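Undergrad: Chain residues, written in single-letter form:
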Amino acid sequence: MKKLDFFLSRRLMIEQRYQALKSNQTFLRNVQKSKNSGKYVEKFVLRSYYGICFFFTIFSLLISAEYLINGTSGFRPFTDSQIGFVIFLYALVVSASSSFFFLSSLNSERLIEPLAILPVKISPYMISLSWFMFTGSATFFIIFPPIVISVLFFHTYLSIFFGIIWGGILIFTGFSLSSLIFIFLNAKRKTAVRKMRNGLSNALKLLAFVAVFSVFDLSLYFPQFVDYVSPNLYGTVRYFVPILGLRYIVFESNPTFYSILFSSISTCIYAVIALLLFMFSSSSITKLMMSNVNSTKNTFSGAKKGFRVKSKGTALVEKDIRIVTRKMQNLTLMLLPLFFTLPTVFSIYATGTVGTLNPSSAYLGLLSLLIISASFYSMQLIISEGDGLENLRILPLTDWDIIKSKLKTGLIIFSIFSIPIIIILVGIIRAPDDFLIEIDLAIGYIFASIISLSWLLRKIPKDAMTVNFYSFNGSLGIIFLFGVTAISAGIFPILAILIYTFLSYSIFRDPYVFLMLIFIFNVTALYLISMKYEK
Amino acid sequence: MSLSIISRNLIKKYGNSKALDDINLEIKGGQVFGILGPNGSGKTTFLKIIAGVLEATSGEVLVNDLDTNKDRELVKEIVGYVPETPTLYESLTPREFLNFVASVRGINEAKFKERAEKFCSAFSLTDNLDEPIGSLSFGTKQKVAVIGAMLHDPEILVLDEAMNGLDPKSSKILKTLLRDFSSRGKCVIFSTHIMEVAEDLCDRLAILYKGKIITEGTLEELKRASNDTNLEDIFLGVTGQDQIGNIVETLKEAMKS
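Protein chains in written order, with this note's numbering: chain W, 1 to 535; chain H, 1 to 257.
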């Protein structure tokens, strides 16, 4: 590695971060105000790096603490829990997903182009080094807390050595896997193959994403699976099973000569494989990005022929669905609410008395799905406008037109996701089959979405012609958004609970009264808010 | 009611800095009006306010008697606007984008079909109609943006450096269309850095510098006032950028050393 390679990689990393921040008006104003705007941007990037490292550390500490404390019997060694599996798998998933977004952003923002015209030989590791400088190295902070806890509490000093190496193996493998998927999806092919790819690529991307997150969700919320498989890894085999064997390799509290020997052999083998894979994928992704600089011609196999006019509402919804489904980043983000909420929903239903769960508990169990989906979809559907926001500003559209279209699109996606869940809940877990639950959820979703969409639209500066995650003050904005949505979605159930409790002392004891009350509150609120906007 | 754009005491601020400072201007229908100015002079901001895309900080802009701050949706219905950079939905195809624009604007389907086909054919866009906009060249994206702005046959056409990236044929067609627009009593206002285009096309011109209009009139009026014979010299003279000879000499010396 030459000094020039570091310089170019660093430049690329800063540019990539800048692209993410550039539509934040506060950030731009501060850049303009600062005497040395270049230095300000670099300092800002560094601060956001510290922020991400801190977030990962706190998140990892919380997960580690959960596995550390063992009821009334004090602390339990990590060898006795699946923390190794959860935390290292999480590092792999975070690394893979953030790498994919990093590569997509380099590609879509054409950040390689300015470097490609320089009369220098571009290192095959320029892109991977650039990834490691921010995203990759920050991911290591997921690994550190359990290692530190294990060393402090259980004196497993070898955890430092094996933990960091295995962290590296999985984080670099995450990058390699993302690069290979990216290469597969973006490589130039013959027309016939390309047409087939266009049809399959989104389904494939989605499937891969679902699979990775499902494994993680299952490991977090259904630990019986890991607890069953992991102790049954017999003898030396346990040291060679990737990820599942890490509780013995990294967190062994009573190491023997043989355990250290086998751990070392296993670590060496996987480190070599990961290194070779990383070298191959790094050079391949650099080659692909450099060759893609001037060729992006493509077609959509599903694009409709002919010029057609539809109603304003339909046109907006169609446009929203297209910009979401045709961009991997948008599509995958639409799935996130499911992964956050499904385990909670399932665990509420699974731990409840099967078949006897009353409708009000069933509704409250699904409320988390409603709140997260309403806030997340609202934000994601607005963010997906990106630079296209200027088109909405140019056309004769009101905020209410935009809210209605985003609402319909979100509702379509919400229905596609929630209908199979309801079928599973009703059909497999035998949750109470009550149509009123679905109606209440749908109306609650609409009301909460209107509130969060209008809040988000108000947050976008009137002068902004583009919108992204940072337009709403980044993470802080999201926290507020979740708060706003939670209040709008939760206020009526709370009211309903109060009234239902009062009524249950007198004549009514039917839990369906609770659902009816929510229905009445939601419909009234929805009517009032629609009237306000229609004016 | 005759078409017109009236700007009165218009001020636009971004934070503490003034992008436009007390702009007073009247543009009548049947005119092609050119806005010239160096980079950062406020041209784009001014055009965006006229198109109802941006709000004025103070003062007012009336487009056909509609206040651009108060009646933004109505202003947008009668205005066609081509932004400086064609920021279209990259994941849509030009056909889908034009369908979207026509649907939102509520254009009659038969008229839309006829106009879209003719425009696409004239601008040689037919072969690119089903490719993602993200994969098109800058010039082709610009053509999509221009067609999108003209589809509803607007009363007022606002173009921000719309000739950028267009090939000579498309550029010629656009100039002819703009002339035709103004001959039908409609109003065309556009900004450009290409002085030949401004000289060739504009009935009236205004030169913006640091957010202020420093001169305004017909080309002949500007020539008389400045004693220069061509627009480029007038422009450089009034914006204080006429020391080009010295700059070039300095650069030549720097290249030799």
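Read the hints as simulated data drawn from the structure, not as lab findings. Hints are not guaranteed to be accurate.
What the hints assert, rightly or not - Result set (DSSO-like, lysine-lysine): computed pairs, CA atoms no more than 27 Å apart in a straight line: (1) W:Lys327 with W:Lys310; (2) H:Lys172 with H:Lys111; (3) W:Lys310 with H:Lys111; (4) W:Lys404 with W:Lys462; (5) H:Lys172 with W:Lys535; (6) H:Lys172 with W:Lys459; (7) W:Lys312 with H:Lys118; (8) W:Lys312 with H:Lys210; (9) W:Lys287 with W:Lys121; (10) W:Lys535 with W:Lys459; (11) H:Lys172 with H:Lys223; (12) W:Lys43 with W:Lys3; (13) H:Lys111 with W:Lys35; (14) H:Lys111 with W:Lys312; (15) H:Lys172 with W:Lys532; (16) W:Lys310 with W:Lys459; (17) W:Lys462 with H:Lys210; (18) W:Lys459 with W:Lys404.
Unchecked claim - Computed from the model, here is a short list of chain H residues facing chain W with C-beta under 8 Å: (19) Ser4; (20) Gly30; (21) Val53; (22) Leu54; (23) Glu55; (24) Gly59; (25) Gly106; (26) Lys118.
Keep in mind that this is a model prediction, so the values were computed, not measured. Virtual Cβ for every residue (Gly too), placed ideally from N, Cα, C.
Undergrad: Does each hint hold? Answer for all of them.
TA: Comparing the hints with the structure gives:
Proposed proximity of W:Lys327 and W:Lys310 is supported: the alpha carbons are some 24 Å apart, at most 27 Å. Restraint check: the Cα-Cα separation between H:Lys172 and H:Lys111 comes to about 24 Å, which is no more than 27 Å; the hinted pair holds. Annotation: proposed proximity of W:Lys310 to H:Lys111 holds, straight-line Cα distance about 14 Å (limit 27 Å). For a cut-off of 27 Å, the pair hint linking W:Lys404 to W:Lys462 stands: about 20 Å separates their Cα positions.
With a CA separation close to 45 Å, the supplied pair H:Lys172 and W:Lys535 exceeds the 27 Å bound. At most 27 Å may separate the alpha-carbon atoms for a hinted pair to count; H:Lys172 and W:Lys459 exceed this at roughly 42 Å. Using a Cα cut-off of 27 Å, the hinted pair W:Lys312 and H:Lys118 holds, with the two alpha carbons roughly 23 Å apart. Simply put, W:Lys312 and H:Lys210 have alpha-carbon atoms about 40 Å apart, too far for the 27 Å limit, and the pair is violated.
A hinted pair counts as satisfied when its Cα atoms are at most 27 Å apart, and W:Lys287 with W:Lys121 qualifies at roughly 12 Å. With a C-alpha separation of about 21 Å, the suggested pair W:Lys535 and W:Lys459 falls inside the 27 Å cut-off, and the hint holds. Proposed proximity of H:Lys172 and H:Lys223 is supported: the alpha carbons are some 25 Å apart, at most 27 Å. As the CA atoms of W:Lys43 and W:Lys3 are separated by approximately 21 Å, the hinted pair is consistent with the 27 Å bound.
With a CA separation close to 54 Å, the supplied pair H:Lys111 and W:Lys35 exceeds the 27 Å bound. A threshold of 27 Å between alpha carbons decides the hint, and for H:Lys111 with W:Lys312 the separation of about 17 Å falls inside it, so the pair holds. Under the criterion of a C-alpha separation no larger than 27 Å, the hint pairing H:Lys172 with W:Lys532 is inconsistent with the structure, at around 49 Å. Only pairs whose Cα atoms come within 27 Å are accepted, and W:Lys310 paired with W:Lys459 is rejected, the gap being roughly 30 Å.
Of the supplied pair hints, the one linking W:Lys462 and H:Lys210 holds, its CA atoms being roughly 22 Å apart against a limit of 27 Å. Proposed proximity of W:Lys459 and W:Lys404 is supported: the alpha carbons are some 18 Å apart, at most 27 Å. The restraint placing H:Ser4 at the interface with chain W is violated, with a minimum CB-CB distance near 20 Å, outside the 8 Å limit. With a cut of 8 Å, the hint placing H:Gly30 at the interface with chain W is violated, because the nearest CB-to-CB distance is about 24 Å.
The beta carbon of H:Val53 comes within 5 Å of a beta carbon in chain W, closer than 8 Å, and the hint placing it at the interface holds. The beta carbon of H:Leu54 comes within 6 Å of a beta carbon in chain W, closer than 8 Å, and the hint placing it at the interface holds. With a least beta-carbon distance of about 6 Å to chain W, the hint placing H:Glu55 at the interface is held under the 8 Å criterion. A least Cβ separation of about 16 Å between H:Gly59 and chain W goes past the 8 Å threshold, and the interface hint is therefore violated.
With a least beta-carbon distance of about 7 Å to chain W, the hint placing H:Gly106 at the interface is held under the 8 Å criterion. A least Cβ separation of about 11 Å between H:Lys118 and chain W goes past the 8 Å threshold, and the interface hint is therefore violated.
Checked against the numbered hints given earlier, the structure breaks hints 5, 6, 8, 13, 15, 16, 19, 20, 24, 26 and satisfies all the rest.
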